[in-house]
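Each chain, letter by letter, is given below.
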Amino acid sequence: MTLLRRDVVKALLAERGELLVVAGLGSTAWDCTAAGDSPLTFPMWGAMGCAAMMGLGLALAQPRRRVLVLTGDGEMLMGLGSLATIGVQKPQNLMVAVIDNERYGETGMQATHTAHGVNLAAMARAAGFASGVLVRDMAGVAALRHSLQQGAGPHFAQIKVAAEKVPLVLPPRDGALLKNRFRQALLGASAALQ
Amino acid sequence: MGAAPHIIESCRAARGGDGGLESQPLNAPVATDIDWPLATHQVLARLGFGVVGYVPDAGHKRLIELCQADARMRSVVMTTEEEGIGLAAGAWLGGAKCALLMQSSGVGNIVNALGMVHECRIPVLIVVTMRGEYGEFNPWQVPMGQATAEVLRAMGVAVQQANAAAEVPAHVDAAARLAFGGYCAAAVLISQRVIGIKSFQEQAEQ
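Going down the list, the sequences are from chains Y and V.
When we follow our numbering, the leftmost residue of the first sequence carries the number 1, and every step to the right adds one.
When we follow our numbering, the leftmost residue of the second sequence carries the number 1, and every step to the right adds one.
Rather than coming from a laboratory, the hints here were simulated on the basis of the structure.
On a predicted model such as this, the values are computed, not experimentally measured, just so you know.
Built from N, CA and C at the ideal position, the CB exists for glycine as well.
Mixed in with the good hints there might be a few duds.
Just the calculated beta-carbon pair ranges, DEER-fashion [stated by the list, open to error]:
(1) V/Ala58 with Y/Met138: 20 to 28 Å
(2) Y/Pro39 with V/Arg72: 24 to 32 Å
(3) Y/Leu193 with V/Ala170: 35 to 43 Å
(4) V/Gly48 with Y/Ala185: 39 to 47 Å
(5) V/Ala58 with Y/Leu193: 35 to 43 Å
(6) Y/Val118 with V/Gly115: 25 to 33 Å
Here are the computed lysine to any residue pairs in the SDA-like style, where the Cα-Cα straight-line distance is at most 25 Å [said to hold, decoys possible]:
(7) Y/Lys90 with V/Lys61
(8) V/Lys61 with Y/Lys165
(9) Y/Lys90 with V/Arg153
(10) Y/Lys165 with Y/His146
(11) Y/Lys90 with V/Val77
(12) Y/Lys90 with V/Asp57
(13) Y/Lys90 with V/Gly135
(14) V/Lys61 with V/Gly48
(15) Y/Lys10 with Y/Ala143
(16) Y/Lys10 with Y/Gln194
(17) Y/Lys90 with V/Ala154
(18) Y/Lys90 with V/Gln68
(19) V/Lys61 with Y/Gly87
(20) Y/Lys160 with Y/Pro63
(21) Y/Lys160 with Y/Val141
(22) Y/Lys10 with Y/Ala126
(23) Y/Lys160 with Y/Leu177
(24) Y/Lys90 with V/Leu66
(25) Y/Lys90 with V/Gly95
(26) Y/Lys160 with Y/Ala139
(27) Y/Lys10 with Y/Gly151
(28) Y/Lys90 with V/Ala170
(29) V/Lys61 with Y/Ala139
(30) Y/Lys90 with V/Ile64
(31) Y/Lys90 with V/Asp70
(32) Y/Lys90 with V/Thr79
(33) Y/Lys90 with V/Gly48
(34) V/Lys61 with Y/Glu106
(35) Y/Lys165 with Y/Gly117
(36) Y/Lys90 with V/Thr80
(37) Y/Lys160 with Y/Arg64
(38) Y/Lys90 with V/Ala45
(39) V/Lys61 with Y/Asp7
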C-alpha cells in the first residue's frame with residue numbers, strides 16, 4: 001500500500017520533543033503545518049534548493065539538538081551539491097528526509113527526475129551520509145523515527161509517497177516572524193538581543 | 001593629455017611610492033606591508049564568527065587556510081556559493097554567526113537565495129574577491145565582475161569596496177557590524193588591485 005505524505009510527516013513529527021525542523025518550500029511545509037505548527041519548525045516559502053543546507057547550518061550551530069530537514073524531491077534535486085557538502089561535514093545530529101511523490105506539486109504535478117529512477121538515497125550514501133535509505137512502508141518510517149532520535153548521522157531518507165493532492169494547510173508567511181519565533185523558542189528571550 | 005594624472009599618482013602612492021606603475025608588472029598585487037588575510041581572520045575571530053562557508057578561491061586562499069586552522073570556526077567547503085546562503089540562515093536560526101567567502105563569479109550563484117536573507121532579515125557577512133574588473137585578462141569573467149556590486153545591491157545587500165589591502169580588515173569589521181547590527185546581508189568587495197591580477201602564464205611558470 002502506497003504511503004500517504006500526511007501520514008508519513010505526522011508520524012515523523014509525533015512526540016517530537018526538542019526536535020528542530022526545517023521544511024522545504026511547498027507541500028512538505030504544508031505537511032508540517034498540517035501535523036501541527038510549531039515555532040521550532042521553520043517552513044520555507046522560497047530559496048528552493050537551500051533546505052538541506054539550512055539544516056546543516058542549524059545542526060552545526062546546535063550540535064546537542066536533533067535537526068530534521070523535511071523536503072520534497074524537486075527541492076532536493078535543486079540542491080544536490082549540498083549532499084556532498086553535508087557528506088564532508090558529517091553532522092551526527094542531522095537527518096534529511098525527502099518526501100518523494102515524484103512530482104513538482106506546486107507547478108502542476110509535472111514529473112521530477114525521481115519519477116525516471118534517479119535514486120537520491122544512493123546519491124546520499126555515495127556522498128558520505130552515514131545512512132541513505134529508500135522507504136516505502138510505515139515500518140520503514142518507524143525505523144526512521146528511531147534513527148532520528150538516537151542514531152549517529154547524517155541520515156538520509158527518500159520516502160516514496162502517492163502523488164496526491166491534499167488540502168492546503170499554510171504556516172505563517174512572514175519570514176522575519178518565522179525566524180524570530182524559531183530563535184526565541186530555541187535560544188530564549190536573549191535571542192532578540194544577539 | 002589623455003589619462004588623468006591623479007589616477008596614476010594615486011596608483012603610485014598605493015604601490016608604495018617610487019617604483020610606480022612603470023617598474024611593476026600589472027599582475028602583481030599592490031605593494032603593501034599589511035597581511036590582510038591575517039588581519040581579516042583576526043576580525044572574524046574577534047567578532048565571534050562560528051561558521052565560515054567558502055568555495056575554494058585563489059584570492060581567498062590564505063584567509064580560508066587561516067579559518068580552517070582555527071578551532072573556534074567551523075569551515076564548510078561548499079560545491080556552490082548558493083549553499084552558503086542556506087548555511088548562514090540555518091546557522092543564525094541556531095544562534096551562530098556565519099561569514100561567506102566567495103569570488104565575484106559566485107555572487108551570480110546566490111541571487112535568488114538572497115531573497116530569503118532579505119525577507120527573513122538574516123544577518124550574513126559576504127567577503128568577495130573580485131575578478132573581471134581591474135586589469136582582468138579573461139573576458140568570460142568581465143560581465144559578472146562588472147555587475148557584482150549592482151547585483152548585490154539589487155537584492156538588498158549593503159556593499160563596501162576595498163581597493164587597497166590596508167582597507168580590507170576595517171571594511172570587513174564594519175560590514176560585519178552592519179550585517180549583525182542591522183540584520184541584513186553586507187558584502188565587502190576586494191578589488192583585483194589588492195589580490196593581484198591572475199595570469200595563467202605566470203601560474204604555469206611558478
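For each hint, the structure was consulted:
1. The supplied range of 20 to 28 Å is broken by V/Ala58 and Y/Met138, whose beta-carbon atoms lie about 52 Å from each other.
2. Distance hint check: the CB atoms of Y/Pro39 and V/Arg72 are about 29 Å apart, consistent with the given range 24 to 32 Å.
3. With their beta carbons about 26 Å apart, Y/Leu193 and V/Ala170 fall outside the hinted range of 35 to 43 Å.
4. Checked against the given bound of 39 to 47 Å, the beta carbons of V/Gly48 and Y/Ala185, roughly 22 Å apart, lie outside it.
5. Range check, V/Ala58 to Y/Leu193: about 39 Å between beta-carbon atoms, so the 35 to 43 Å window is met.
6. Y/Val118 and V/Gly115 have their C-beta atoms about 27 Å apart, which keeps the hinted 25 to 33 Å range intact.
7. Between the alpha carbons of Y/Lys90 and V/Lys61 the distance comes to roughly 23 Å, so the proposed pair stays at or under 25 Å and holds.
8. The suggested pairing of V/Lys61 with Y/Lys165 is violated, with an alpha-carbon distance near 49 Å, which exceeds 25 Å.
9. Distance restraint check for Y/Lys90 and V/Arg153: the Cα-Cα separation of roughly 35 Å exceeds the 25 Å cut-off, and the hinted pair is therefore not satisfied.
10. Under the criterion of a C-alpha separation no larger than 25 Å, the hint pairing Y/Lys165 with Y/His146 is inconsistent with the structure, at around 29 Å.
11. Only pairs whose Cα atoms come within 25 Å are accepted, and Y/Lys90 paired with V/Val77 is accepted, the gap being roughly 12 Å.
12. Between the alpha carbons of Y/Lys90 and V/Asp57 the distance comes to roughly 23 Å, so the proposed pair stays at or under 25 Å and holds.
13. Taking the CA atoms of Y/Lys90 and V/Gly135, the gap is about 41 Å. The hint is violated against a cut of 25 Å.
14. Only pairs whose Cα atoms come within 25 Å are accepted, and V/Lys61 paired with V/Gly48 is accepted, the gap being roughly 21 Å.
15. Between the alpha carbons of Y/Lys10 and Y/Ala143 the distance comes to roughly 15 Å, so the proposed pair stays at or under 25 Å and holds.
16. About 33 Å separates the Cα atoms of Y/Lys10 and Y/Gln194, which puts this hinted pair outside 25 Å; it is violated.
17. About 35 Å separates the Cα atoms of Y/Lys90 and V/Ala154, which puts this hinted pair outside 25 Å; it is violated.
18. For a cut-off of 25 Å, the pair hint linking Y/Lys90 to V/Gln68 stands: about 16 Å separates their Cα positions.
19. Simply put, V/Lys61 and Y/Gly87 have alpha-carbon atoms about 22 Å apart, close enough for the 25 Å limit, and the pair holds.
20. At most 25 Å may separate the alpha-carbon atoms for a hinted pair to count; Y/Lys160 and Y/Pro63 exceed this at roughly 29 Å.
21. Between the alpha carbons of Y/Lys160 and Y/Val141 the distance comes to roughly 11 Å, so the proposed pair stays at or under 25 Å and holds.
22. At most 25 Å may separate the alpha-carbon atoms for a hinted pair to count; Y/Lys10 and Y/Ala126 exceed this at roughly 29 Å.
23. Taking the CA atoms of Y/Lys160 and Y/Leu177, the gap is about 32 Å. The hint is violated against a cut of 25 Å.
24. This hinted pair checks out: Y/Lys90 and V/Leu66 have alpha carbons roughly 21 Å apart, not beyond 25 Å.
25. Between Y/Lys90 and V/Gly95, the direct Cα distance comes to roughly 20 Å. Compliance with the 25 Å bound is thereby established for this hinted pair.
26. About 13 Å separates the Cα atoms of Y/Lys160 and Y/Ala139, which keeps this hinted pair within 25 Å; it holds.
27. Under the criterion of a C-alpha separation no larger than 25 Å, the hint pairing Y/Lys10 with Y/Gly151 is consistent with the structure, at around 20 Å.
28. Our distance criterion of 25 Å between C-alpha atoms is broken by Y/Lys90 and V/Ala170, whose separation comes to about 34 Å.
29. Restraint check for V/Lys61 and Y/Ala139: not satisfied, since their Cα atoms lie roughly 48 Å apart, outside the 25 Å limit.
30. Annotation: proposed proximity of Y/Lys90 to V/Ile64 holds, straight-line Cα distance about 20 Å (limit 25 Å).
31. Pair hint Y/Lys90 plus V/Asp70 holds up; C-alpha atoms about 19 Å apart against a cutoff of 25 Å.
32. Restraint check for Y/Lys90 and V/Thr79: the C-alpha separation of about 15 Å stays at or below 25 Å, so the hint holds.
33. For the hint pairing Y/Lys90 with V/Gly48, the CA-to-CA distance comes to about 23 Å; that is within 25 Å, so the pair holds.
34. Restraint check: the Cα-Cα separation between V/Lys61 and Y/Glu106 comes to about 42 Å, which exceeds 25 Å; the hinted pair is violated.
35. With a CA separation close to 22 Å, the supplied pair Y/Lys165 and Y/Gly117 stays within the 25 Å bound.
36. Pair hint Y/Lys90 plus V/Thr80 holds up; C-alpha atoms about 18 Å apart against a cutoff of 25 Å.
37. As the CA atoms of Y/Lys160 and Y/Arg64 are separated by approximately 30 Å, the hinted pair breaks the 25 Å bound.
38. As the CA atoms of Y/Lys90 and V/Ala45 are separated by approximately 24 Å, the hinted pair is consistent with the 25 Å bound.
39. At most 25 Å may separate the alpha-carbon atoms for a hinted pair to count; V/Lys61 and Y/Asp7 exceed this at roughly 48 Å.
In the structure shown, a violation is registered for the earlier hints numbered 1, 3, 4, 8, 9, 10, 13, 16, 17, 20, 22, 23, 28, 29, 34, 37, 39, in ascending order.
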